[in-house]
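S.K.: Each chain is listed here by its residues.
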Amino acid sequence: MPHVVVDPITRIEGHLRVEVEINGNQVTDAISSGTAWRGLELVMKDRDPRDAWAYIQRICGVCTTAHALASVRAVEDALGIKIPKNANYIRNIMAATLTVQDHIVHFYHLHALDWVSPVEALSANPDATANLQRDLLNAYRLNFTTPTTGQTLQSMSTEAVPHDFPAATPQYFAAIQAKVRTIVESGQLGIFSAQWWDHPDYKILPPEVHLLAVAHYIEMLDKQRELVTPHVIFGGKNPHPHYVVGGMPCSISLKDGNAPVNTARLAIVDRAINMGRTLVNNYYIPDLVAIGNLYVKAGKVDGGGLAKTRVLGFGAYPIENYSGTSNGSFFSNMLIRCNGVVENFGAGVANAAFHELTADDLKAEDGFTEGVQHAWYEYPENSNPDLHPWEGITKDKFTEPKVGTETVWQQLNEQGKYSWLKTPKWKGQLCEVGPLARYIIIYTRAQKGMLPNPTWAEQMMLEQINAVSGVLGLTPEVWLPTMVGRTAARALDCQLNAEINRFFFDKLIANLKTGDTTVVDNSKWFPEVWDQKCHGVGLYEAPRGGLSHWVSIEDSKISNYQCIVPTTWNACPRDDSAGHGAFEAAMIDTAVQIPDKPIEIARVIRSFDPCMACATHMFDASGKEIAAVTTDPNFR
Amino acid sequence: MQQRETLWEAYLRRGLSRRSFLKGCFALTAMMGLSLDKFNDVVEAASGRPLPVVIWIHGHECTGCDESFIRSASPLASDLVLNEIALEYDHLLSAACGEPFEAHLDQTIQNYYGNYILAVEGAVATKMNGAYCMSGGHTFTSLLQKAAAGAAAIIAYGSCSSYGGIQAANPNPTGSAGIEMFVGGKPVIKVPGCPPIPEVMTGVVMHVALFGNLPDLDSDGRPKQFFGNRIHDTCYRRPFFDAGLFAETFDDAGAKAGWCLYKLGCRGPETYSSCGNLRWYQGMSYPIQSGAPCIGCANAHFWDEEPFTDRLPKYGKIGDADKIGIGLGVMATAGVAAHAVASVIQRNSRDKVAEENRHDED
Amino acid sequence: MKEVKRKEFYLFSPFLRIFHWIMVTMILILFATGILIAKPLQVMTPEPFLTITSMDLVRDIHFVAAFILCASLILRVYGFAINRGDRLFPRFWEGHFYSETVDVALHYMLLKKEHASYLRNPMARASYAMLYVLLAIEIFTGFAMYFMNKPNGTGAALFGWVNTILGSEMMTHLVHHYVAWFIILFAIGHLYMVVRAEFMEGESEVSSMFSGSKILAHNPKDANEVD
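Protein chains in written order, with our numbering: chain V, 25 to 660; chain U, 437 to 798; chain Z, -9 to 217.
The set of hints was computed from the structure by calculation and includes no laboratory data.
One or more of the hints may lead you astray.
Unchecked claim - Covered stretches of chain Z (chain U as the covering partner; in silico rule of three or more C-beta atoms under 8 Å from a C-beta of chain U):
no., stretch
1, 18 to 25
2, 79 to 86
3, 155 to 169
4, 175 to 181
What the hints assert, rightly or not - Covered by chain U, according to a simulated footprint, are these stretches of chain V (three or more residues, beta-carbon under 8 Å):
no., stretch
5, 242 to 255
6, 405 to 416
Every residue gets a Cβ at the ideal spot worked out from N, C-alpha and C, and that includes glycine.
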């Protein structure tokens, strides 16, 4: 029985190692291991809570902004700050912008090369490719736009014509093909080096699709940077834009000559939002549906794993500003009410169960917990095996692998500890999170009649699912909880977020019109007015799934800070009673044609868009000091 | 020693246009220590245009530097990655993974030994023999040492690889440090920032491409042209500083008017970066322009120089140095006053005793 | 009352005395402007150039004062060279320094009625030496920040290393700011001690900084240092 190790998994954020046992074509056991630990949790202790966002944002530069946003939400929850309306809209624009850009980068630059190959593109006919592009736009453009009535205040499309439209000319594709040929023939493959290009899976798609996708890979590499300009306007830069506890630092004034945000700056945001919509509607969705359709037709409907059993969401996009998360206000005005857990979706909606998530679940001792059974951490001897994040402890305890030494690993020990990720649980159970989870939850809720008065965004999600089901000819229960479904849900999420971006931009403009330009609530800025001891939670449906930050503040310093990150939910090591995490379950649910070339494993892992630096455990404290050896050459 | 013709001359001799010269990045090979004779050999051997080989490795990092790199507009990341350099190893963009990828790394190091550029993103974890940061079943430290040995030049991208970064902040649980001490004494071009400005990252490569040499470095190893000034000295809000116009709190009238953020803790006065002149996204903005005080992310120890929203650190409920100073001043004044009174009493009693003694003598 | 015989000791050259009073003035100016630089006044007036709160002006005053202080050091050095009374070191290397320090300290703690007579007592000597150390820190950190507006210039080459030693320029700011407070605390103590010595102990500490001479009733223990 071959034991296959894939380390490093590339085209992800951070350091990930997977190991699989393969029997025939079937994976019988799988290990997912985060292989780096930076100890940021210990770095956070005793810092000023108002600075927390800056530190914790450095968890990850790919989903930059996600951690900053969850952090300011957590700190504001703890301190009881209600941010101004404008700040809420701007943060939602920051979040939606991140989601759109991140999903596009994921699909084209981190995921596409699992499906398409520059080598295959060489045999494509440029004329046929141009025709294919036209056909794709005809067949697979799922046009959804922000509804013009009801919940949006005004639907002002500022775009006269679509400015970023896919080229469908043979000359264009011939030029791309010539470039790819030069690269391949030069022998210097660069980023295309050493992949299993001869794997039969690359034959599933016709050469023209390969050429088309390679062309779009390059185009999107150029365009993605322009999608994040809202971060640059509102946060000063990207990656790692700036935030402030109490709102946003980007003061708005339409009367001052040197204001951080004025009409001209808003126009840049507007342009980026328009561009996001065009790119996702004309490139991403048609490409995705075309590739996904061919894969489904080829029988590739595996890789669902935990999605069939249990998915979790926190709910997304507070429509208006709210007074806190742990007091429930966050949950009461969400644009996407995916706050809950769906179990057994794989068995069909009729057999699935939905549990709504409320503020009480966040505070319950046994609601959300983390265990360290197979993680390189230890809890004190008499401690509960699963700890609530407000009481969380991070004390590293590295153990050797099964085969190999401390610093040279052959095979990790699945019986013992094998990852720097903790195992997060909801009521003792493991869950999958991500765009797929969000779609499964909204779909199940709606089907079960537990989604009263759907918002336009929820309505759009349901329509998107129906449209894709129509193209694939499968019911959502079949196609959603699969590897293809996970990747498809991300594309749909991208389209949805492009519209959400527009929605909140319109709301921002409408509110500015009323004369309200406030972006910060300063009333609780100074520590003198803080409670001596308080704690808060910040929730955010990040591109990769539900993200929660948990902060405890004591004497105006951070006394404990824990993050339960989407990739921790998905990539966590197993639990002896609760079973496998989503990565491991998905790998076990995946057939591998050629054990030496486990491209299916890499592909199913990448369908989660892993973000390992996020996942490797973030936080702690509770006074566990680790003696530090100074490596500072200045001996400071 | 034989006079080496400049690359531009070489280009003219070959009848190539300036455009192809600029696009070609041939000059990188010169930096890699190849003479033009050898260069011709490489051209023939590769039966195509050889591109400078770049190996990009990741230590303790967040991939934000990679992301920043692909945000570059001039040169565009696609031009750079597909046309200017051969990015043979990079965890973010490379197609391959696992064993073949690691084998390809070894092969690349061997094939281009002494001739490739090593870009490093992320800090080195020194504690526990480096087991806090593993990649491909080996420690990042060993990967760095292996890759550095054959590198023609080493670029440290970001504050983590330059100085240790966030994981090296107090108490530095993993013993993280910048790469400089782990590359066998080779010179390191430091490009600090969290992350650095995209065009600064690509600009370092572009400089080599355009001029055929390494950019001038300051004493810390940073390219002078990108890190030669403090943000404060190039900031467009500097006139407001000079005039004494400050935002006092976030979003007050001064903040809306775009006045100086110094009193909100801005680190511009001590941060070396191109934020003030080059700015982000081709002049679109930088944190200060968007109303956010600089946190000094290109500085060596900026994570331990918090709080970011105050110029002076506060010591618990006591306050900052000025409050403590005033307190000590008042206490000192009170102290000397009390001392003066006590001294007078002591002197009077001393004089009295002396007087009595004198009387006794009399 | 008994007649007290007094003897005159010439101590301080005019150069030292001029330097001293320049230093006093400049330290006061530097401290005041320094505090304003660290924490500018809150003015929400749109025409700051009409007020004294222009940072530009405040900084210029600070820098000019700093340069005057540094330039006046030449007087100090010249006095040091030509006049023995200008170099009353703390004699760390001599055993009696420590016993005498204890003696003086006990008196200042009001545990002893008086201390032996000195031209300049060992505690004062030590504290003045300390002041020069503090001044040196201020000068080096000050120039390390001042000259870095031109990091490739000569000034930066001469003083830039201070930033490296301290780890970062932010730390230089903090050290500069903190040490300024120590100098002010010194000044409070110094002012009290000299006034006390002048008017209570008859040691002409204040008047000698004008006249250059101390007129003492007793023969000081360290009189040999100016012979």
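S.K.: Three residues or more, CB to CB closer than 8 Å: is that satisfied between the stretch 79 to 86 of chain Z and chain U?
M.R.: The restraint on the stretch 79 to 86 of chain Z is violated, since only 0 of its residues have a Cβ under 8 Å from chain U and three are required.
S.K.: Do three or more residues of the stretch 18 to 25 of chain Z come closer than 8 Å to chain U, measuring C-beta to C-beta?
M.R.: violated (count 1)
S.K.: Count residues of the stretch 242 to 255 of chain V with a Cβ under 8 Å from any Cβ of chain U, then say if the count reaches three.
M.R.: That given contact holds, which follows from 7 residues of the stretch 242 to 255 of chain V lying within Cβ reach (below 8 Å) of chain U.
S.K.: For the stretch 155 to 169 of chain Z, do at least 3 residues have a Cβ located nearer than 8 Å to some Cβ of chain U?
M.R.: With 10 residues close enough to chain U, the hint holds.
S.K.: Counting residues of the stretch 405 to 416 of chain V whose CB is closer than 8 Å to a CB in chain U, do you get three or more?
M.R.: Since 0 is below three, the answer is violated.
S.K.: Check whether three or more residues of the stretch 175 to 181 of chain Z sit with their beta carbon closer than 8 Å to a beta carbon of chain U.
M.R.: Holds, because 3 residues of the stretch 175 to 181 of chain Z bring their Cβ atoms closer than 8 Å to Cβ atoms of chain U.
In terms of the numbered hints stated before, the structure departs from hints 1, 2 and 6, listed from lowest to highest.
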